[in-house]
Each structure stands twice: as C-alpha cells, then as structure tokens.
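Trainee: The chain contents come next:
Number of protein chains: 2
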Amino acid sequence: MRTIIISIGDELVLGQVVDTNAAWLSERLVELGIVPEYHQAVPDNLAAIAETIKLAAQKADFIIVTGGLGPTPDDLTRQAMAAVAGVKLVLHGPSLKKLETFFKERGRVMSENNRVQAMFPKGADVLDNPIGTAPGFRIVFEKATIVVMPGVPKEMKLMFERHIVPMLTTRNAWLKIKSRSKVMTFKLNVFGVGESLVAEKLGKLMRRDRNPLVGTTVSAGIVAVRIRGEFIGGKTGARDPALPAMRKTADKIKCLLGDAVFSENDVSLAEVVGKMLRSARKTVVTAESCTAGLLAAMLTETPGSSAYFLGGWVVYSNKMKTENLAVPADLIIKEGAVSEPVARKMAEGALERSSADYALALTGIAGPAGGSKEKPVGTVWIALAEKKGGGIKTYAERFLFPGDRVSVRERAAKSAMNILRLRLMPAKI
Amino acid sequence: MRTIIISIGDELVLGQVVDTNAAWLSERLVELGIVPEYHQAVPDNLAAIAETIKLAAQKADFIIVTGGLGPTPDDLTRQAMAAVAGVKLVLHGPSLKKLETFFKERGRVMSENNRVQAMFPKGADVLDNPIGTAPGFRIVFEKATIVVMPGVPKEMKLMFERHIVPMLTTRNAWLKIKSRSKVMTFKLNVFGVGESLVAEKLGKLMRRDRNPLVGTTVSAGIVAVRIRGEFIGGKTGARDPALPAMRKTADKIKCLLGDAVFSENDVSLAEVVGKMLRSARKTVVTAESCTAGLLAAMLTETPGSSAYFLGGWVVYSNKMKTENLAVPADLIIKEGAVSEPVARKMAEGALERSSADYALALTGIAGPAGGSKEKPVGTVWIALAEKKGGGIKTYAERFLFPGDRVSVRERAAKSAMNILRLRLMPAKI
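Chains as they are written, first to last, in numbering that gives the first Met the number 0: chain A, 0 to 428; chain B, 0 to 428.
One thing to keep in mind: the hints can contain errors.
Since the list gives no way to pick out one identical chain from another, each pair is judged satisfied if it fits inside one copy or across any two copies.
What the hints assert, rightly or not - Listed next, the in silico DSS-like pairs over lysine-lysine satisfying Cα-Cα at most 27 Å (straight line):
#1 Lys-142 - Lys-97
#2 Lys-274 - Lys-318
#3 Lys-153 - Lys-372
#4 Lys-392 - Lys-96
#5 Lys-247 - Lys-281
#6 Lys-392 - Lys-333
#7 Lys-96 - Lys-374
#8 Lys-103 - Lys-374
#9 Lys-121 - Lys-58
#10 Lys-153 - Lys-186
#11 Lys-318 - Lys-281
#12 Lys-142 - Lys-392
#13 Lys-203 - Lys-387
#14 Lys-318 - Lys-374
#15 Lys-186 - Lys-251
#16 Lys-386 - Lys-318
#17 Lys-96 - Lys-372
#18 Lys-153 - Lys-374
#19 Lys-97 - Lys-387
#20 Lys-58 - Lys-142
#21 Lys-333 - Lys-374
#22 Lys-103 - Lys-372
#23 Lys-53 - Lys-142
#24 Lys-203 - Lys-251
#25 Lys-333 - Lys-247
Think of the hints as simulated: they come from the structure by calculation, not from any bench.
Chain A with its partners taken away, still in its complex shape (with noise of 0.2 Å):
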C-alpha cells in the first residue's frame, strides 16, 4: 500500500519546529508493515496544501496529514481538504455538542473561533479525539484514502492508535491492503571501525537489490548498520517466516564486523559497558581531563549504574591532575599534560584513591585552540588501570578524532567506554 505523510505548519517550514510526528508515524507504520513513500511539510496555505494533497492522491493509495485544524484563522487545513475535494464545510452536530462539552467542564467559555472544529468537509467520517479540541477526519478522494489529524503529538499518537490501527489491520479493513508486503528493520551498532571500511567488510552484503537490504548511517562515531527485510504475505508472531532470513543476515555481519558490533537496536555503548560490569561484579572510576566529566555523565546515563560506577574526578588544570591524582607535575612539565605517561598516571591516581577494579583516564586536545604539530587538535590518550594481583596493570592507546570540540570529547568519552568494553569481553579459546 503506497502511503504518504503529510504535515502541515508554517512553524516547521520556518525552522521552528522539528516534524516529529513523520518519524513517530513512519516508525509505527513500518511495525505494521507499511514503507512510506515520503514525507513531506508544508505551511499553513491553502492553495498549498491543496497542491501536495491532490499530488499525493495521484502517487498513493493513503495519505496522513497531521496539523493546521486549531481553531485560529491560521488553521486551514479542513478548508484545503474540502477544496480538494469539491465540497462544502458542514457542521457536525454531536462534534459542537462534544466541543461545548469540553469547554463546560473546564469551567472556560467557548470562543466563536472554536466552531470550526466542528466544521468537516461533506461526506467526511469524523475521528473522535479524546484529549483534545480538534476531531479528525476521513475522507476519499480519487483512488486515495486520506486521514486528516491535529498535529498535537500527544493527540495525534492516540488518534492514530485508537482510529487508523484498527483501520489497517482488522479483517474487514476499510482499506484492501492488496497482498501486502511486510517490512521489518533491525540495527546493529558498531565502534571503533569508520563507516567506509565497515561497507568494505560487508561487501556484497551491501548490493541494493538483496533482501534483506542492509545499509548504513553513521552519527556521533557510532556506525549502524540497518537490516531491513521484505517479506510478502509474511505473518506477525513469534514464528514468523521472516525472522530467520534477518537473523542470519545480522549473524553474518556479525561475524565479518567481530568486536566491533556492540549491540542490537537501540541499546546505547554505556548500557552493554554497564551489563558487563554488573555481570563481572566490578566497578569502575574516571579521571577525566579534556571530557571534563563527559565520560562519567555517560556512564550514569543507565538507570542502577550507581551499582558499577563509584565516581571520578574531573583533573581539568594541571594543578588539580597533581593535588587530587598525584600526577607528578615534572611529568606534567616535561611530557606535556597531553602524554602517554600522564594518562596512565591519572589512571593509577584514581585507582589508588578508589575501591574500584577499574579506572578510565583522559587527556586531550578537544580544540579548537592547544594543537601544535606532534599533538595535532582531537589528539587523545585514553588509559584503562585495573588492579592485578596486588598491583596495578595499565593499558594506554593514542587517538587522533576528527571534528570539533563536541565531537572530539564525545568520541574520547566512547572510545574509554569501548576500551573497557573490550577488556571485559569474555577470551575467545
């Protein structure tokens, strides 16, 4: 069933509104298996409005238009449909005495505004909204079948769940979903290998006419790698046909990726680094210098992390590094605050003055200002300290991140939590 999302506003065609409704709606439809078309955003014109819903009626065979059915003469969203389908705007006597309704009981009085809300194109089904003053509608035009709700989130996902869900999956559905293809999507997340090298490992997997289709995106350092399968006439449930062929797609590109897959879905690197200190019962502390306390933010982000993270110290001059850490400051002098040795002494420092199995140290340059030419801007030592029988063992790597200031520090902060990651996996006989 081809399907196009339509939201209307001059708030989100001006910039001051993110559309979040058309994901929130795609993500819903895809569960139900439902690929949409496009999205797309348009403001509160009628003549525009008019426009892209008379082109979407020619390209889908459902439409879902969110936004502009307020009460304020801003609001032309009925007017557009109505136009659209050459007909009159007729009040809908059980919406008024709703409307009126509402009003009373909040003990606020009805403007004259308001009655429009009651107002739906003839022959439009009316969608009752519950929590709100704007109904929805239904109506057809041409081959297409269109709903119309208000843009309020909260309103429009309740609508959506109490008025289109049924629409699309009961028996009788209004709408005959013609042998209709199912669609499932499923993630892997990936760090530490560049977006690029991870399409050069997976190869033909990649090819765009396979099925399942596997692709990429890439944000904030984290590669993820988006399986998404076709399956036609495919059921839902726990035995469904389709899972196996997208469960062996993810196996084997597991299997070409290795440790660098961290998790499935939306499973965030500090809760897999988390799940596995809760299972090794240890704990971990961090000395942190340019993330400034980035990394113990992250490693808090986990509800229960207080069961795995003790806490650490933010050693941002170098007085601090030495006072609190004991960071001899000759060595701060003579290798720089930016060194191998200073980080694995913040490492130790804080490992000493904790009861942690674990410590986590950074240093350096997240720019924009401090590069110089051996130590360009993004350059990092990241150490991991862990107490090993009686004394102290330390592992120490060089990065080199690219990107500005944010970007360095939240791949530093990721590229500690993967460090820790990586020791805590299991040995491979």
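Knowing the structure of chain A, use the given hints to seat chain B on it.
Mentor: Coordinates of chain B only, in the frame set by chain A:
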C-alpha cells in the same frame, strides 16, 4: 526566491531518525529572508530521489538537498543528481587528493568505496567539506540551482555557512533575490520560568496579529521567546529599518521577564556563565552526585573554559563523598545523601580542596528508582559555596524537576549554572 528543502535517507522515511536538518536549514534561510516552500524526505532510492528533484525543479529556483553522499552503496544522491542532469559522474582530482590526505593524516587506510566521494556529476561545482569525507556540489538543472550537502548535521551546517550563505548574500550573488517581504527573527532565552508563566507575563505582546510576532517554544528547560518581524521592502545590513521594531519588542520582553532572560539567539547558559566568570576573574569547581559530571561537561563545552573552570569531583557513591570531599559518613546516614547539609558539605569540601573562588555541588534523585514520599524522583539539592573574608559562605536551594532521568539531570546541571549566573550578576542600585 522559491526554495525547497529535500532530505534523503531510508532512516528518515522509516522513522528511525528525526529530520532535524530541514528545520535547521529553514531557520537559517528565514534569517536570510527566504521562506521555504516545503520540506520533503525521500528514501535512498535512485528513482524516488530523481523524481523528487525533477518535480522540485519545476517549482523552485533554489533547492537544497542533504544526505546520501556517504561512501556506501546505499548512498545514491550523487548518482540520482547525475541522472536528473543527464550527465555522467566524473572523478575530481583535487577532491581525491584531499580524501587521500584526510585518511593518511589519521593513519587510516582509505577504502576503495571512499573513491566515489570524489566523484561528481559532470559540470557541477564542488563544495569543499572541511571536516568530513563527503564534499558537496552545486549544479544547475533547468531554471533551478541545486546544492547538495552531506546529511551529517555538523558537516552540513558548516558547509551551509561557508558555501551557501555567501551564495545568497554577496552583492554579486549568482541568485537574484527579487523584491519580496523580508522576515527577521530574533530569540531571547529564558531559564527558571515556565512557558505558561512566560506567556502570562508577556500578555498582549503575544497577540497573533502583532508585528513583530512573539511566540514561545520550550526545549530542555529553556524557554525560547521568538520574535519574528515581517517587513515589506526592508533592506539588510546594520542600518536596517526593521531593526528598531525588533529591538523595541525585545526590550519590552526583557523588561517583563527580568533576570530570567539569560541570553540572545544561540548563546548558551554555559557561555554566559563562562563570560561572567572570565570578566570577574573568578574560577569554579564542581562536586556532583546525581549529575555525575554533566555540569562539568557543560561548563567546558565552551572553548577556553580552562580560564575559569579548574575541575571537579564526581562523588557518586557515598564512600567517595566521604573520602574525597570529607562529607561526614554519619551526616549522610542521618540526613540522607540527598539533603541540604550534604549538598553544603560537598560544595564546601570542593572549595577547600581547590584554589577556586566558587564551588557548585549537586545531590539528587534522578530516577527512575530511589524516590520516596518526602524525597520524590526529581528532588535535587544544589549548593553554591564561595570564599568570603577568610571563610566560606554557602547558599543552598531545593528543586523538584519534572520529567525522566535525562531531563532531571539536565535541568539540575542548568539550574546550578543559573544559580552561579544570578550570583555573578552586577548588583542593582
């Protein structure tokens, strides 16, 4: 100038990622006096991309396309653009060279896949990408000028400022911006007052028929009061006749909201606090429990923050509070870790252990677990200690933040910065 914004990516149409690029581009375009016709998001499908571009070219003079320029086989924007223009993709020597250097400098091997990122539709002008591997390009198709940029927000934003803004604003701009109404926007940022109270205080200023128009949006605890003026035939530049009207409205708002207005346009709370500390030649340290480094990380987002931020302690466990900041263990037992005396002791302990002038401390319940009737989730104590006449003076305040773990932590860190901001404000006679 009729302008259309097109975003490309399966992840957008599948609802896995919210399209923030289109909103950002719109906001910037509006600031430059251009109101886009519409936004459209299309999947990584050559035919769909080509069809969308062709249609847009019939309706617009200027088209901004983002996404689909990565190195992998699902990145098809450059191929689609070549198909639209009816030309081949050709290798661009200087871009290939830059690409090779990019990888070399980072000690990484360039994969064969990356070569495609140096290929462009024949006749296109290459737009350099200073921080990523995907350059953009500009191409003319029929009457429309099309610019294509990568979808990575950071790269796209930088390239927009560097390449697109000059195209649109220089005197001999390749695009003639014909006489039209000019839109200006301006933003005041407010902290510590809710959106509805802001609206109540602003009263008539928020009438929808007013010009400049005043609206509010809220994000992560910060209320943005947006002023949007529409001026027919206005000119750009410092002597712009539109400016006094905008400025007058802004002044009225500042007067009504007082100290709650902390900055204009895109200046963050951390930047404001940093500037105040710097000009007062004062320094700060942090002691964090529930925020676990988030405050320190926020304070150091601004380049050059080492001038006023020395470092901090993340004392997540009670043991670390006692061992590192000398918070008495029996005090924690008696009052609880989330209490006024513990917050005070944390701030004072941090101040005593550093050479800073101020110490900010936070202890609270970020949730989802750990709440009680007396101390529900969202309860946070914030203390500010400062050196005063040989001793220490400490201020403490209790907050109850709404929302989930992420919100509570973010609001807590911002509230701590706000307390310091208010402390640093010049006294009013």
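Trainee: Against this structure, judge whether each hint is valid.
Mentor: To see whether the hints hold, each was checked on the structure:
1. Lys-142 - Lys-97: Classified as neither; 32 Å inside a copy, 51 Å across copies.
2. Lys-274 - Lys-318: Only across copies: Lys-274 and Lys-318 sit 22 Å apart there, 35 Å inside one copy, limit 27 Å.
3. Lys-153 - Lys-372: So Lys-153 and Lys-372 pass the 27 Å test across copies only (25 Å; inside, 44 Å).
4. Lys-392 - Lys-96: This pair counts as neither: shortest intra-copy Cα distance 60 Å, inter-copy 42 Å.
5. Lys-247 - Lys-281: neither (34 Å within a copy, 60 Å between copies)
6. Lys-392 - Lys-333: within (23 Å within a copy, 39 Å between copies)
7. Lys-96 - Lys-374: between (61 Å within a copy, 23 Å between copies)
8. Lys-103 - Lys-374: Between copies only: 16 Å across, 55 Å inside.
9. Lys-121 - Lys-58: Within one copy only: 24 Å inside a chain, 31 Å across chains, cut-off 27 Å.
10. Lys-153 - Lys-186: Both: 22 Å inside a copy, 23 Å across copies.
11. Lys-318 - Lys-281: Only across copies: Lys-318 and Lys-281 sit 16 Å apart there, 30 Å inside one copy, limit 27 Å.
12. Lys-142 - Lys-392: Answer is neither; intra-copy 68 Å and inter-copy 66 Å both fail.
13. Lys-203 - Lys-387: neither (44 Å within a copy, 69 Å between copies)
14. Lys-318 - Lys-374: within (21 Å within a copy, 37 Å between copies)
15. Lys-186 - Lys-251: This pair counts as within: shortest intra-copy Cα distance 13 Å, inter-copy 50 Å.
16. Lys-386 - Lys-318: both (26 Å within a copy, 19 Å between copies)
17. Lys-96 - Lys-372: Close across copies (21 Å), not inside one copy (64 Å); limit 27 Å.
18. Lys-153 - Lys-374: For Lys-153 and Lys-374, the Cα distance is within 27 Å only across copies (23 Å; inside one copy 40 Å).
19. Lys-97 - Lys-387: neither (56 Å within a copy, 46 Å between copies)
20. Lys-58 - Lys-142: both (9 Å within a copy, 25 Å between copies)
21. Lys-333 - Lys-374: Result: close within a single copy only, 15 Å intra versus 50 Å inter.
22. Lys-103 - Lys-372: So Lys-103 and Lys-372 pass the 27 Å test across copies only (15 Å; inside, 59 Å).
23. Lys-53 - Lys-142: Both ways: Lys-53 and Lys-142 sit 11 Å apart in one copy and 24 Å across, limit 27 Å.
24. Lys-203 - Lys-251: within (11 Å within a copy, 63 Å between copies)
25. Lys-333 - Lys-247: The answer is neither: 54 Å in one copy and 56 Å across copies each exceed 27 Å.
Of the numbered hints given earlier, the model fails hints 1, 4, 5, 12, 13, 19, 25; all others are met.
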